[in-house]
Amino acid sequence: DVKVTQSSRYLVKRTGEKVFLECVQDMDHENMFWYRQDPGLGLRLIYFSYDVKMKEKGDIPEGYSVSREKKERFSLILESASTNQTSMYLCASSPSDSSYEQYFGPGTRLTVT
Amino acid sequence: AQSVTQLDSQVPVFEEAPVELRCNYSSSVSVYLFWYVQYPNQGLQLLLKYLSGSTLVKGINGFEAEFNKSQTSFHLRKPSVHISDTAEYFCAVTEGNSGYSTLTFGKGTMLLVSP
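Chains as they are written, first to last, in our numbering: chain A, 27 to 139; chain B, 2 to 116.
Hints listed in this document are in silico derivations from the structure and should not be mistaken for laboratory results.
In this text, a Cβ means the ideal position worked out from N, Cα and C, and glycines have one as well.
One or more hints might be untrue.
To be verified - Here are the simulated DSS-like cross-link-like pairs (lysine-lysine), alpha carbons at most 25 Å apart as the crow flies:
(1) K50/B <-> K29/A
(2) K29/A <-> K59/B
(3) K83/A <-> K59/B
(4) K44/A <-> K83/A
(5) K70/B <-> K59/B
(6) K83/A <-> K97/A
Stated by the list, open to error - Residues of chain B placed beyond 12 Å of chain A at every Cβ, according to the derived structure:
(7) E16
(8) E17
(9) A18
(10) V20
(11) N25
(12) L34
(13) K59
(14) E65
(15) R78
(16) S85
(17) D86
(18) E96
(19) L113
(20) P116
Given the sequences, and given the hints that come with them, work out the whole structure.
Structural data, given as C-alpha cells:
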C-alpha cells in the first residue's frame with residue numbers, strides 16, 4: 027500500500043513565524059504535490075515537484091516555497107505565516123507513468139493566530 | 002486550460018436512496034477523469050478513474066461513473082447509499098500531456114446521508 031505521511035495533523039503558529047510542513051512517501055514516486063483546501067474552494071495546487079531539486083509553481087504559490095532534497099520528502103515552507111494561510115494542507119504523490127493517480131496524505135490543519 | 006464544475010455543493014439524501022453527484026469539465030483536448038472521496042478529518046481516497054476504454058467505470062464501495070464526451074460530463078452514481086457514504090466528493094481532471102500532469106479539482110460536493 028502506498029503511504030503518504032505528513033509530519034503533523036494539527037499545527038498552531040503565530041503570525042510572522044516560519045513554518046515547515048513535511049511530507050514523506052514510501053513508494054518511490056517521482057511526483058509530489060502540495061495543495062491547500064478551504065471550504066467552498068476545493069483543492070488548490072500550491073507547488074509540485076517532478077524530480078529531486080525540481081519544483082514548479084501551481085495556482086497559488088504566493089507566500090510559499092518548497093524544498094525537495096530527497097525523492098521521498100517534499101517540504102512546504104511558509105516564510106512568514108499570515109492569518110490568511112490558516113487552512114488544511116494536503117500532500118500527494120504520484121508515479122510518472124500514465125496512471126495520473128495521486129495518493130494523498132491525511133492533511134495538516136494549520137492555524138495561524 | 003482545463004476546469005471542473007461540480008454543480009451541487011451539498012446533496013442531502015436518505016439512506017438506501019439512489020444518488021447522483023454531477024461533474025462537468027472543460028478542456029480542448031482529451032482528458033482523464035477521477036472521483037475522490039474525503040471522509041471527515043482524512044485525506045482524499047480514489048473512488049474511480051476514467052483513462053480510456055469503456056465509458057462506464059466502476060469503483061470502490063459500489064460507486065460508478067459514466068464518461069460522456071459529448072456532454073463533457075462525468076457524473077458519479079450509487080444505486081443505494083449508506084450512512085457511511087457521508088463524505089465530501091471531489092471530481093478531478095487532467096489533460097495528461099506529461100508524466101507529471103497536474104490534476105484540477107472541482108470545489109467538492111458534500112453528500113449527507115440521513116436515516
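Practice prompt. Provide an ascending list of the numbers of those earlier hints which the structure does not satisfy.
Written response: 3, 12, 18
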